[in-house]
Amino acid sequence: MEYAVRLEHVTKRFRRYRPVAAHTTLKTAFVEWANALRKRRNTFSPARFEVLEDVSFAAVRGETLGIIGRNGAGKTTLLKLMAGIYRPDSGRVTVNGRVAALLELGAGFHPDFTGRENVVVSGIVHGLSKREVRERFDRIVDFSGIGEFIDAPVRTYSAGMYMRLAFSVAVHVEPEVLLVDEILSVGDESFQRKSRAVMEERLRSGRMTTVLVSHDLDVIQQVCHRVVVLNPPTATLFERPQEAVAEFHRMMASEARP
Amino acid sequence: MLQSFLEHFRELYRYRALIDSLVRREVQARYRRSVLGYLWTFLNPLLLLSVYLLVFTRFTRAVTVENYALFLFVGILPWLWLSGSVVSGTTSIAMSGGLVTRVCMPPQVLPAVAVISNLVNFLLGLPVMLVAAAIFGKIPGAAYVWLPVVIALQTLFSYGIALTVATLTVRFRDVQFLAQNLLMVWFFLTPIAYPIAMVPERFQRLLQFNPAVAFVRPYQQIVLEGRPPSPLHLTAGLAWGILAVGVAVWVFESLRDSLAEEI
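First to last, the protein sequences are chains A and B.
Here the first sequence stands for residues 0 to 257, where the numbers follow numbering that gives the first Met the number 0.
Here the second sequence stands for residues 0 to 262, where the numbers follow numbering that gives the first Met the number 0.
Possibly wrong hints are sitting among the right ones.
[To be verified] A partial selection of chain A residues facing chain B, derived with a Cβ cut-off under 7 Å: (1) 82; (2) 83; (3) 85; (4) 106; (5) 111; (6) 115; (7) 120; (8) 123; (9) 124; (10) 144; (11) 149; (12) 150; (13) 198.
[As the list claims (entries may be wrong)] Listed below are the simulated SDA-like cross-link pairs for lysine to any residue, each with C-alpha atoms no more than 25 Å apart in a straight line: (14) 129(A) <-> 252(B); (15) 129(A) <-> 8(B); (16) 129(A) <-> 118(B); (17) 193(A) <-> 231(A); (18) 129(A) <-> 176(B); (19) 193(A) <-> 160(A); (20) 26(A) <-> 118(B); (21) 26(A) <-> 252(B); (22) 26(A) <-> 155(B); (23) 129(A) <-> 15(B); (24) 193(A) <-> 7(B).
Since the hints were derived computationally from the structure, they do not count as laboratory data.
Predicted model only: the values in this text are computed from it and were never measured.
Here a beta-carbon is modelled for each residue, glycine too, at the ideal position from N, C-alpha and C.
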């Protein structure tokens with residue numbers, strides 16, 4: 000079996016922010032900074048807490064892997080680790096192929112520039128070459144439905160137009176590994192239908208591996224082959240989405256009990 | 000150590016397409032919604048120049064140097080590149096608008112963009128400076144072949160400073176304000192508005208420890224004095240450049256893993 004994304008014993012810690020009063024003097028800040036430099040990232044310090052601890056699972060090439068968990072469970076952190084935006088404190092994350100992360104749309108858009116100019120920069124930001132952007136340009140604009148407004152500065156766009164253009168760039172990057180964070184509901188109904196259709200076509204083609212974070216359990220059950228349930232700081236992989244969703248419900252129910 | 004140093008620059012090279020498009024955008028964005036547009040590139044130094052001219056030659060007569068306007072111009076142009084790199088460098092990572100937190104790219108791309116876009120502005124001003132020099136009778140000579148060398152050294156140094164302040168600003172926003180104030184001090188400690196010859200001997204020796212001297216003086220030597228930059232400045236420039244980049248890469252690489260989380 001060929002892995003597209005693989006996490007091996009991944010642990011991720013975040014800094015615990017204390018009340019401002021404990022941090023006000025330059026001296027303490029400097030001392031802490033010097034300590035941090037000396038200790039590097041692999042040592043435990045009480046000022047940090049585990050978001051993920053010893054997490055291991057993998058996404059097989061071509062599959063759609065779902066990730067569910069309650070708010071703040073570390074779903075986005077997991078995606079950022081896969082995208083290489085965060086580095087694990089220990090363990091290893093390996094990715095085969097070009098990754099595109101749809102964490103938030105419009106990263107790198109500049110309001111004063113036209114849609115056309117932003118498409119080019121945004122495409123390059125997502126790892127395309129200039130030529131690849133040129134080749135896809137018409138398709139991107141077509142798909143977004145922006146039309147003649149492509150030559151207007153994006154600050155004049157409506158929120159919907161902005162998101163449609165950003166989403167359109169992102170789906171046309173055609174990555175081998177796509178990391179999606181809760182964004183299948185961009186634009187109006189017709190645009191949503193269109194994006195769902197293109198996503199489904201990609202998923203079916205089997206060339207693309209998708210890791211999907213969502214709170215919509217119906218979507219998860221419909222499109223995912225396997226699902227990871229996050230229960231911080233651990234994660235469990237379920238071979239059947241139904242089992243994962245059932246486990247998730249059990250988890251939520253036990254937490255809701257007084 | 001050397002390995003991570005080389006990897007640092009290999010990453011920059013791999014992302015050259017991104018650097019290229021961000022620099023283009025940065026240069027265009029600066030004056031995008033202004034009526035005068037690129038003219039501001041020249042109006043900025045011109046305005047500064049007129050004030051110094053007025054204060055130092057009319058109000059006070061503090062400075063005596065031939066063609067003071069030209070002298071100022073030659074010094075201010077590289078200074079604006081250096082200080083511009085520091086100013087836009089400080090916030091380049093901390094306020095990257097999601098580029099570091101949502102996209103996987105080496106963050107050092109951003110201070111590099113800050114330095115290169117200021118370099119582009121410098122290069123746009125350079126022909127104006129050379130024409131002005133010619134008008135004042137300073138005809139370009141053989142010494143001009145040294146310009147690319149001096150520019151290269153300054154690029155190295157500027158990148159080192161910009162990367163350091165960009166990294167530190169993520170953790171301590173104070174650096175950004177500190178930098179603005181220090182730049183003011185730095186400007187007056189650099190022989191830009193006055194010739195270094197006017198400085199008393201004992202201070203002159205101290206001034207040699209100011210890295211900016213090693214980058215500003217060569218332009219004055221090449222353009223105004225028509226001679227190659229002194230080997231002392233070139234050596235100092237190279238040393239400062241290597242030191243700045245060495246420290247910068249070390250600071251950056253040790254804090255790098257936490258950058259995306261801290262922003």
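Okay, the hints, checked on the actual structure:
no. : hint              : result
1   : 82                : 5 Å, holds
2   : 83                : 4 Å, holds
3   : 85                : 6 Å, holds
4   : 106               : 4 Å, holds
5   : 111               : 5 Å, holds
6   : 115               : 12 Å, violated
7   : 120               : 5 Å, holds
8   : 123               : 5 Å, holds
9   : 124               : 5 Å, holds
10  : 144               : 24 Å, violated
11  : 149               : 17 Å, violated
12  : 150               : 14 Å, violated
13  : 198               : 20 Å, violated
14  : 129(A) <-> 252(B) : 29 Å, violated
15  : 129(A) <-> 8(B)   : 21 Å, holds
16  : 129(A) <-> 118(B) : 23 Å, holds
17  : 193(A) <-> 231(A) : 35 Å, violated
18  : 129(A) <-> 176(B) : 37 Å, violated
19  : 193(A) <-> 160(A) : 15 Å, holds
20  : 26(A) <-> 118(B)  : 37 Å, violated
21  : 26(A) <-> 252(B)  : 23 Å, holds
22  : 26(A) <-> 155(B)  : 32 Å, violated
23  : 129(A) <-> 15(B)  : 11 Å, holds
24  : 193(A) <-> 7(B)   : 41 Å, violated
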